[in-house]
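Engineer: Build the full structure now, drawing on both the sequences and the hints.
As a plain string of letters, each chain reads:
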Amino acid sequence: MAENEHDFRKLVAGLKIDAEPDPAHRERLRRQMLQTFEETARGGISNFKFQISNMKRLAVAAAVLVAATIGVWAWLGRSGPMTFDQVRLATEKMPWIHALVTGYQNGDVRTTQHWYNFAAQKTYAVMNDGSVLGWDYGARREQFIYSPRVKAVVVSELGPAGPFGAGSAYNLIDAFAVFAAKDDVETTTWTAEHEGRTVRAYGIEAAATGLNMGGRPAARIRIAMMADPATKRVVAANIEYRGHDGSTLTREEWVIDYPQSGPAGMFDLGVPANARVIDRRQQPVGTPGDEPAVIPTPAPTSSRTLVPLQIKLPKPQFVGTPQDARTPNLEQPRGRPRPPFLAPPGTTNVALGKPVSASDRDPLYGSLDMVTDGDKEADDGSFIELGPKPQYVTIDLREPCEIYAIIVWHYHRLPRVYFDVVVQISDDKNFRTGVTTVFNNDRDNSLGLGAGTDLHYTETNEGKLIGSKGVQGRYVRLYSNGNTSDDLNHYTEVEVYGRTVKLIRDD
Amino acid sequence: MVAIMAKPVEETGYDDLVELAKTEAAALGRLYELYYDRIFRFCVHRLFNRATAEDVTSTVFLTVARMMRDFKGRTEQDFRAWVYTIAANQANAYIRKTSRRRRLMGTITAHWREDDQDSSEWSSLDWPTLYAAIQRLKPEHQTILTLRFFENLDYDEIGRVVEARPATVRVILHRVLRRLQEELRGDLGGEE
Numbered sequence: 000m001a002e003n004e005h006d007f008r009k010l011v012a013g014l015k016i017d018a019e020p021d022p023a024h025r026e027r028l029r030r031q032m033l034q035t036f037e038e039t040a041r042g043g044i045s046n047f048k049f050q051i052s053n054m055k056r057l058a059v060a061a062a063v064l065v066a067a068t069i070g071v072w073a074w075l076g077r078s079g080p081m082t083f084d085q086v087r088l089a090t091e092k093m094p095w096i097h098a099l100v101t102g103y104q105n106g107d108v109r110t111t112q113h114w115y116n117f118a119a120q121k122t123y124a125v126m127n128d129g130s131v132l133g134w135d136y137g138a139r140r141e142q143f144i145y146s147p148r149v150k151a152v153v154v155s156e157l158g159p160a161g162p163f164g165a166g167s168a169y170n171l172i173d174a175f176a177v178f179a180a181k182d183d184v185e186t187t188t189w190t191a192e193h194e195g196r197t198v199r200a201y202g203i204e205a206a207a208t209g210l211n212m213g214g215r216p217a218a219r220i221r222i223a224m225m226a227d228p229a230t231k232r233v234v235a236a237n238i239e240y241r242g243h244d245g246s247t248l249t250r251e252e253w254v255i256d257y258p259q260s261g262p263a264g265m266f267d268l269g270v271p272a273n274a275r276v277i278d279r280r281q282q283p284v285g286t287p288g289d290e291p292a293v294i295p296t297p298a299p300t301s302s303r304t305l306v307p308l309q310i311k312l313p314k315p316q317f318v319g320t321p322q323d324a325r326t327p328n329l330e331q332p333r334g335r336p337r338p339p340f341l342a343p344p345g346t347t348n349v350a351l352g353k354p355v356s357a358s359d360r361d362p363l364y365g366s367l368d369m370v371t372d373g374d375k376e377a378d379d380g381s382f383i384e385l386g387p388k389p390q391y392v393t394i395d396l397r398e399p400c401e402i403y404a405i406i407v408w409h410y411h412r413l414p415r416v417y418f419d420v421v422v423q424i425s426d427d428k429n430f431r432t433g434v435t436t437v438f439n440n441d442r443d444n445s446l447g448l449g450a451g452t453d454l455h456y457t458e459t460n461e462g463k464l465i466g467s468k469g470v471q472g473r474y475v476r477l478y479s480n481g482n483t484s485d486d487l488n489h490y491t492e493v494e495v496y497g498r499t500v501k502l503i504r505d506d
Numbered sequence: 000m001v002a003i004m005a006k007p008v009e010e011t012g013y014d015d016l017v018e019l020a021k022t023e024a025a026a027l028g029r030l031y032e033l034y035y036d037r038i039f040r041f042c043v044h045r046l047f048n049r050a051t052a053e054d055v056t057s058t059v060f061l062t063v064a065r066m067m068r069d070f071k072g073r074t075e076q077d078f079r080a081w082v083y084t085i086a087a088n089q090a091n092a093y094i095r096k097t098s099r100r101r102r103l104m105g106t107i108t109a110h111w112r113e114d115d116q117d118s119s120e121w122s123s124l125d126w127p128t129l130y131a132a133i134q135r136l137k138p139e140h141q142t143i144l145t146l147r148f149f150e151n152l153d154y155d156e157i158g159r160v161v162e163a164r165p166a167t168v169r170v171i172l173h174r175v176l177r178r179l180q181e182e183l184r185g186d187l188g189g190e191e
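First to last, the sequence lines map onto chains A and B.
For the first sequence, position 436 (counting from the first letter as 1) is numbered 435 according to numbering that gives the first Met the number 0, and the numbering increases by one without interruption.
For the second sequence, position 191 (counting from the first letter as 1) is numbered 190 according to numbering that gives the first Met the number 0, and the numbering increases by one without interruption.
Just so you know, these hints were derived from the structure itself, not from any lab.
Misleading hints may appear alongside valid ones.
Claimed, not checked - These stretches of chain A come out as covered by chain B in the derived footprint (C-beta under 8 Å, 3 or more residues):
| # | region |
| --- | --- |
| 1 | 12-22 |
| 2 | 30-40 |
Stated by the list, open to error - Below, a list of computed lysine-lysine pairs in the BS3-like style, where the Cα atoms sit at most 30 Å apart:
| # | chain 1 | residue 1 | chain 2 | residue 2 |
| --- | --- | --- | --- | --- |
| 3 | B | K137 | A | K150 |
| 4 | B | K71 | A | K15 |
| 5 | A | K353 | A | K428 |
| 6 | B | K137 | A | K9 |
| 7 | A | K314 | B | K71 |
Cβ atoms here follow ideal geometry from the backbone N, Cα and C, with glycine treated the same way.
Structural biologist: Encoded structure:
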């Protein structure tokens, strides 16, 4: 049964599935659709995705955020297991708030990221179309908007009023304070679960006046905020606007974390360094102040000069590097491109097209040759999936090489963290003798290869570059032991930058 | 991003309708008539529950109504790929929500128990059982499986919906079938 497509098609054909449409629904929806179409033509219903400006979009998000705080203040101000003061204290200790916001409206799904820096009084937002917006309420008193479509940044004074105007609240705490006086909010509380943790949830429902969602007036707002009792900080929120007929106009899901560091400026958020800057204040805006420093690579080689490795990166799948707060010993994101890596001239990816073996001979997904096929994009046909628990792949370089760097992309569609990553080089295909470990973040020695001291890291399109200082060997082996999403092991691509020993001798 | 393989454009006879539907409600109504049943059926196959399928179908066509004037496609093939893409995204967004998924699986299990308590052979495989197994696949893979076997789209058409090369779709489908078979074996107590 179902051995192939033909069998499966026969199986499906024999199923009894009630998929007969209801004529009443068909007709009702037809009327509704055509009415919507006509209203769109008259401008009665704005198309959120295409017609609303980025600034307005953020203003909506900000309004939602601000509105959310009304209820939190109202509930937390009462007696209970977690008071507002506790939340405020815990929050103010954190240098940054980072929020990943998924919004659903009119069938569109959009993702935005918000950053709040309490100390510097800065707010940033990265929209899903690559637009970047920022507000500096501290020293510079300015705002900017970057449009990827025209590749330009417009910098201006802070607006006079509104959610992001000069006199407005710029962070959660201030927003709490602004709305503290309001008490016309219904609140409830319950225990909920968020990403496997028991959290305290606070629900509010309030009238929402003066807000338009996709061209329709909002009547009510419902918010559920989840706070971690251990840290007393908000970790997630669900926000829903409803229309006068009770239908959901828009819904947002916020996942909030508190990274130790954040973007230093617009250029850390995806604004290209060569973007045109239009300064409406007629003042210099500045360029990236912290250009990447060159990492010197000691190379035991006769070559006297070093040159940057030419590494072609796959397309990024998300903006920034969201950090998984649950992962201990996690490397902080650089917030800017990786510095160039220097290696002797003639250094190339010696792993390209080389044979690969693995502890799991039959990947759940993909074939082993995909590890070195040069395709490092995050597409479905580009990665392999090995089974759960510790697994490894071994690349046979076919001849001994002097290896300067290994770059591994496990799976960079999501900002996952892979556990127990160990990378070894050897001339022994069984890795019994002459083994050099060049990376090891298996801190509790769960693989039994020795405890490592390297940090966990988040997968991005840059891959993880591991310097190996010219270690010689024919085989490269990479271990992992599941990841933050599941217990499976993935490899999109492994590149090994080196030179064959023969080439070095000739040199 | 995977490049979509170029394919000769197939004339369907409705290409003019797509152009007209960008400005004329009557033409859009005609397109709706052509696609309502397909999209509703697709939603039933992806979401099991008829009421939920109706809700998601509504969202799909209201999205089409709002965005039709900006639709860049010119042919019916373009429209088909677009409307299925919206439907697939909406269905995936729906079932990604954990609470909904749990509720959905509860419904399926109830059906399963009612309909066939002694299911231990392939021949007795029913829709709730198959659906439960399909639900354990990745949402993107569920989309591909549904488009191929329930909607009878070819690899090129599926590739346009999921933004993958037809060859990639073929490979994925092959593996998805293998995975599904394993899931079903587990459900049916290891019987072959």
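Engineer: Give me the numbers of the hints this structure contradicts, sorted from smallest to largest.
Structural biologist: Failing hints, ascending: 3 and 4.
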